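Enquirer: Using the sequences plus the hints, can you model the full thing?
Heads up: the protein sequence lines correspond to chains B and H, in order. Residues in the first sequence are numbered consecutively from 20, following my numbering. Residues in the second sequence are numbered consecutively from 20, following my numbering.
Treat the hints loosely; a few may be bogus.
[Said to hold, decoys possible] Using 25 Å as the maximum straight-line C-alpha spacing, the simulated BS3-like pairs for lysine-lysine come out as follows:
(1) H/351 x B/107
(2) H/107 x B/358
(3) B/345 x B/282
Quick caveat, the hints were computed from the structure, so don't treat them as lab data. Predicted model only: the values in this text are computed from it and were never measured.
Given next are the chains, with one letter for each unit.
There are 2 protein chains.
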Amino acid sequence: MKISINRQYFIEQLNHCLKAISPRTTMPILNGIKIDVKDDHLLLTGSDSEISIEITIPTEINNEEILEIKETGSVVLSGRFFVDIIKKLSGNFVDLETNDMFQTKITASKSEFNLSGNDPDQYPLLPEVKDEESLVLPASVLKTIVNQTNFAVSTSETRPVLTGVNWQFNDDGISFTATDSHRLALRRLFGTKFNAGHSTAIIPGKSLSELNKIISDSDAEVEVHFSQNQVLFSYGHMRFISRLLEGNYPDTSRLFPENNETKVTVNNSDFYHAIDRVSLLAREGGNNVIRMSVSNNNVELSSNSPEVGTVNEDINTQEIEGEDLKISFNSKYMMDALKAINDEDVTIEFYGTMRPFTLKASESDEVVQLILPIRTY
Amino acid sequence: MKISINRQYFIEQLNHCLKAISPRTTMPILNGIKIDVKDDHLLLTGSDSEISIEITIPTEINNEEILEIKETGSVVLSGRFFVDIIKKLSGNFVDLETNDMFQTKITASKSEFNLSGNDPDQYPLLPEVKDEESLVLPASVLKTIVNQTNFAVSTSETRPVLTGVNWQFNDDGISFTATDSHRLALRRLFGTKFNAGHSTAIIPGKSLSELNKIISDSDAEVEVHFSQNQVLFSYGHMRFISRLLEGNYPDTSRLFPENNETKVTVNNSDFYHAIDRVSLLAREGGNNVIRMSVSNNNVELSSNSPEVGTVNEDINTQEIEGEDLKISFNSKYMMDALKAINDEDVTIEFYGTMRPFTLKASESDEVVQLILPIRTY
Chain B
20 MKISINRQYF IEQLNHCLKA ISPRTTMPIL NGIKIDVKDD HLLLTGSDSE ISIEITIPTE
80 INNEEILEIK ETGSVVLSGR FFVDIIKKLS GNFVDLETND MFQTKITASK SEFNLSGNDP
140 DQYPLLPEVK DEESLVLPAS VLKTIVNQTN FAVSTSETRP VLTGVNWQFN DDGISFTATD
200 SHRLALRRLF GTKFNAGHST AIIPGKSLSE LNKIISDSDA EVEVHFSQNQ VLFSYGHMRF
260 ISRLLEGNYP DTSRLFPENN ETKVTVNNSD FYHAIDRVSL LAREGGNNVI RMSVSNNNVE
320 LSSNSPEVGT VNEDINTQEI EGEDLKISFN SKYMMDALKA INDEDVTIEF YGTMRPFTLK
380 ASESDEVVQL ILPIRTY
Chain H
20 MKISINRQYF IEQLNHCLKA ISPRTTMPIL NGIKIDVKDD HLLLTGSDSE ISIEITIPTE
80 INNEEILEIK ETGSVVLSGR FFVDIIKKLS GNFVDLETND MFQTKITASK SEFNLSGNDP
140 DQYPLLPEVK DEESLVLPAS VLKTIVNQTN FAVSTSETRP VLTGVNWQFN DDGISFTATD
200 SHRLALRRLF GTKFNAGHST AIIPGKSLSE LNKIISDSDA EVEVHFSQNQ VLFSYGHMRF
260 ISRLLEGNYP DTSRLFPENN ETKVTVNNSD FYHAIDRVSL LAREGGNNVI RMSVSNNNVE
320 LSSNSPEVGT VNEDINTQEI EGEDLKISFN SKYMMDALKA INDEDVTIEF YGTMRPFTLK
380 ASESDEVVQL ILPIRTY
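Expert: In structure tokens:
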């Protein structure tokens with residue numbers, strides 16, 4: 020292969036590709052980025068066998084030449100190191116030329132690197148995902164959905180399905196659920212129909228968080244395709260492929276209690292900062308537990324740690340309904356849940372000291388966050 | 020004590036004070052910040068016994084009240100944790116009130132913290148440094164001097180004096196020297212007289228690097244006072260005290276060779292970036308050694324690593340004089356030295372393959388950097 024390529028554009032695409040590359044891979048060749056030069060485009064591939072990212076670089080973008088193809092061919096080059104070189108070179112264009120032994124000459128301005136490359140035939144084949152039966156979402160919507168659910172996936176491998184987000188396709192839309200069994204995040208997308216022949220797919224949380232680093236907060240379309248074991252996100256010149264998690268996701272619908280006993284509506288940002296302050300002492304005391312009491316139309320947060328001290332915080336509420344309550348919870352879970360609710364006012368519904376409570380926007384059911392309390396009272 | 024203080028101003032001063040506090044202190048009380056409320060000012064003290072920082076907060080700055088003193092007194096409060104609380108509170112002012120048991124109530128808006136404090140009488144006394152015989156430097160000059168020398172101090176404790184910068188007072192000015200015995204940084208300040216009754220002081224590199232984080236790149240004056248074992252930098256409302264290193268600094272004047280064999284003048288920034296690129300491969304190969312060859316009025320940098328590949332870089336030179344040369348050196352030392360020379364053009368003088376070489380600005384002797392080569396040819 021022999022090409023000349025716009026250095027800045029190349030760096031951006033290589034950086035996306037690097038997101039699929041893990042330094043802890045068991046297959047050394049997966050430390051590399053595969054470069055395939057075809058007749059009229061270049062294909063970059065990075066993979067850690069869980070996630071694969073494929074990027075197509077055309078010869079022109081907006082009538083500006085970004086890639087000149089002098090000779091087709093393929094090579095695999097050491098990922099991070101290769102990208103570092105391209106970044107530190109000077110000049111607008113960089114030339115790559117590979118010989119039969121996959122030795123690759125990289126030249127720009129007065130610099131010349133000669134790198135040992137690897138045989139692209141050693142690179143594993145990517146899974147095939149057919150481009151049929153696709154769901155189309157604006158990138159910004161997908162990004163928000165991931166932000167509102169992904170934080171709640173489990174980080175423990177004891178129940179692997181809980182390390183993913185469950186996408187469930189219903190008659191009235193799609194629901195996205197993540198839970199680590201201490202808290203649960205639910206997002207609903209009403210009205211988006213998708214008849215994929217199957218009703219549910221569990222996408223690894225790690226894959227979604229890498230995807231979210233790449234897609235921009237824009238109207239650009241993301242096509243989502245499912246096969247038996249894989250999901251493909253097709254986004255501009257990029258194909259992002261992740262394996263799906265096998266197994267049955269637990270039925271979480273029964274977790275949501277009915278008929279609240281106490282209902283409090285607070286300003287999201289004020290409440291978030293109050294929790295943040297009170298949690299300072301909770302953390303210093305060695306746990307993240309803070310207490311909340313609702314009595315006489317008054318909400319108070321508190322925490323104490325025998326060695327360090329105590330903290331009390333009065334909360335301004337918009338509305339309080341129902342019975343008095345004392346409850347304790349993990350402040351981090353509460354802060355995560357508040358961040359996931361894109362609304363000025365948040366309604367928290369309690370069902371008694373020992374039962375899970377829920378948070379949602381005061382005027383929408385799109386996002387529901389559920390948190391299990393901690394027994395301290 | 021009982022005060023009300025401007026929160027933002029307090030945070031800035033506390034952050035400065037934290038720079039003296041080390042989490043690895045052997046005296047638990049030194050994890051705290053001492054607050055002394057006097058009749059007309061407040062004194063903050065932080066120390067790790069090597070460095071101490073004392074900040075005076077007056078009641079008014081520019082006719083604006085920043086501190087209201089309701090009752091004098093003292094307390095020691097857990098450093099980082101206390102500062103985190105002040106940062107996360109809301110409102111412009113925060114109130115502090117300490118009782119006889121050093122319990123301290125911190126209130127702002129609807130938040131109330133009650134912290135266990137420590138008896139200030141347990142806090143060690145700071146060393147006394149008299150405010151006589153002072154040297155006065157603009158903050159920006161002091162900052163530059165530290166940047167041009169401090170990187171070269173030794174990080175190894177085998178020869179403790181080498182972990183400091185040697186300040187030497189001569190008839191024609193002051194010279195500042197740092198060396199880790201592989202490279203040396205020398206800065207001269209001509210014309211600044213200082214008759215302190217002693218001719219040399221070795222200031223720990225760590226102290227200088229903390230000092231540099233605090234002083235701004237401005238014309239503000241820094242007064243420097245020396246006592247037998249301590250140095251005091253007096254800067255605005257702050258007193259920064261460091262111990263001096265004991266022992267004799269080696270005589271480094273004999274290290275500088277005379278009569279160069281080869282002399283090359285290059286553009287500082289271009290040469291720096293070339294070294295940076297070539298060092299990519301040197302690092303990947305497991306060491307930082309790069310080669311430089313001067314022949315036929317041509318300068319070339321190169322590095323190779325059997326597994327990874329090779330790199331060559333032609334250098335644009337402004338001027339080459341003297342004999343051909345092949346020499347190898349540590350690329351990090353070279354990059355550090357180039358950064359320390361605030362000049363567009365750098366002159367490098369070589370005295371043969373195995374002898375130290377020097378770098379300086381092409382038109383000034385203020386900064387001289389010396390590097391020992393590595394034997395590879």
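Enquirer: For a quick check of understanding: which of the numbered hints are violated here, in increasing order?
Expert: none
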